[in-house]
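Those protein sequence lines, which keep their order, are chains S and A. Residues in the first sequence are numbered from 548 upward in steps of one, following the numbering used here. Residues in the second sequence are numbered from 74 upward in steps of one, following the numbering used here.
No wet-lab data here; the hints were simulated from the structure. Ideal Cβ positions, reconstructed from N, Cα and C, are used throughout, including at glycine. Hints are not guaranteed to be accurate.
So the derived list for chain A, only partly shown, Cβ under 7 Å to chain S, looks like this [said to hold, decoys possible]:
no., residue
1, 221
2, 223
3, 281
4, 282
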Amino acid sequence: MSEPSLEIIDLSFAYPDGRQALRNVDLHVHHGERVALLGPNGAGKTTLLLHLNGILRPASGEVRVAGLVVSDDSVLEIRRRVGLVFQDPDDQLFMPTVGQDVAFGPANFGLDGEELEARVAEALGAVSMLGARERAPHHLSYGERRRVAIATVLAVRPEILVLDEPTSNLDPASRRELIDVLRRLPITQLVVTHDLPFALELCPRAVVLDEGLVVAGDTTVEILTDELLMKAHRLELPYRFDPREQASS
Amino acid sequence: MLYRHGTTPVHQLPAQVKVVALLVFVLAVVVLPPEAFWAYFLAGCLLVGVMILAELPAGFVARRLLVEVPILIFALMLPFFGRGETTEVLGLTLSVEGLWGAWTIMAKATLGLGASIIVSATTTVPDLLRGLDRIRVPRVITAIAGFMVRYLDIVAGEFSRRRLAMVARGYEPRWFWQSGPLAQSAGSLFIRSFERGERVHQAMVARGFAGRMPVFGDRPATTREWWIGLAVPLVAVLLALLSVTVLG
């Protein structure tokens, strides 16, 4: 099999206050795969994401992105390979215009001139936001800001797209548009979410993290239908939601 | 905010030209001697000409000019409190020095403000920041200004949501001594903004930020644009030189 997009090997991490956030985490995501990372609040999901591009460094273990180990020397290239989309788009969009914000990443990695322009257009096009190029981020709707936030990361052409709670605070129509956009993107995706129907629709495979441990990894349908597992890790489906029925439809 | 959309030649001039032109114009106005009424008049005519060219309606400019009212009130008090030689106007005893002071403050403030209204109404904030970059204003300063513009709305929104939450629980501040809870919430707002700053920084680092803000869509101004933009302030400089030599 080819080199996995993301390979986490025996990763452990404790915060300076001594709280053990991750314990011996193993995770593989293959090229082109979409994987959901599920788990209750405080399970260590965000901590894990911050390891993926070297903002946090493991106490022990290793993170590899397309074969490259995260280290001081590789961190800039790692940040190009891993596109991290943060939960609050207002944290992600900080430039005066949408176009400049999307250009921020590729410009940091050395692109300029027409090449940069083309890259910005390509990324905004991929999330259907080409028309917003000259607009100010704070004038966009929340759903539009979320999609632009994804474009800012796509513009770097990452190996893997990592999304933290992409459907939070979205109205149902914006959520639907987001799902359509994500399904169209031919790129490896790791999605942290509490929105289980969303995970089922987008990701064939899911991993459950709780108290810093990987407690399950299977197809999303299998995980969502394992009632004992779901209950033990504070996961809950919407009222009368049947994953099997949804998956087969 | 301050920008008024348009496609006039004034709008299209590069921001750095407008910023330099504004600076030169204001300096020229500052050195005008008080007695050179004709020079003030001509400088005012120049500004009105540019405003017409930029298609700025008189009412729009007049409303913006209101910010100088506090300064004008201060200036109008000078003739009453000035010392030295006095004169009688409509039965009031006024200080001559104070009258001159009031006149120059009013005239210079209005001209300077008029010129900055033109620049701010014809230049978008992103363009203005790029222009400042061009004339070598330190990148740190322009980046801070950019972040401020970007996050002002968000912080103000957070503050008004908190106030609303307080009002919803029966807090109806009317007097100064009731402002305690609002002040305390301003403190925690500061902490939250600080934390947001950290998250924004993480998002920047995640996209390869290594301490230097990139500049986009930037083009140098042509010599022709510099001449066009500096034409008005250079006439003002000429007026200043003339009036100083004539009256000096």
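How the hints compare with the structure:
| no. | hint | in the structure |
| --- | --- | --- |
| 1 | 221 | 11 Å, violated |
| 2 | 223 | 6 Å, holds |
| 3 | 281 | 4 Å, holds |
| 4 | 282 | 6 Å, holds |
In this structure, only the earlier hint numbered 1 is contradicted, and the remaining ones agree with it.
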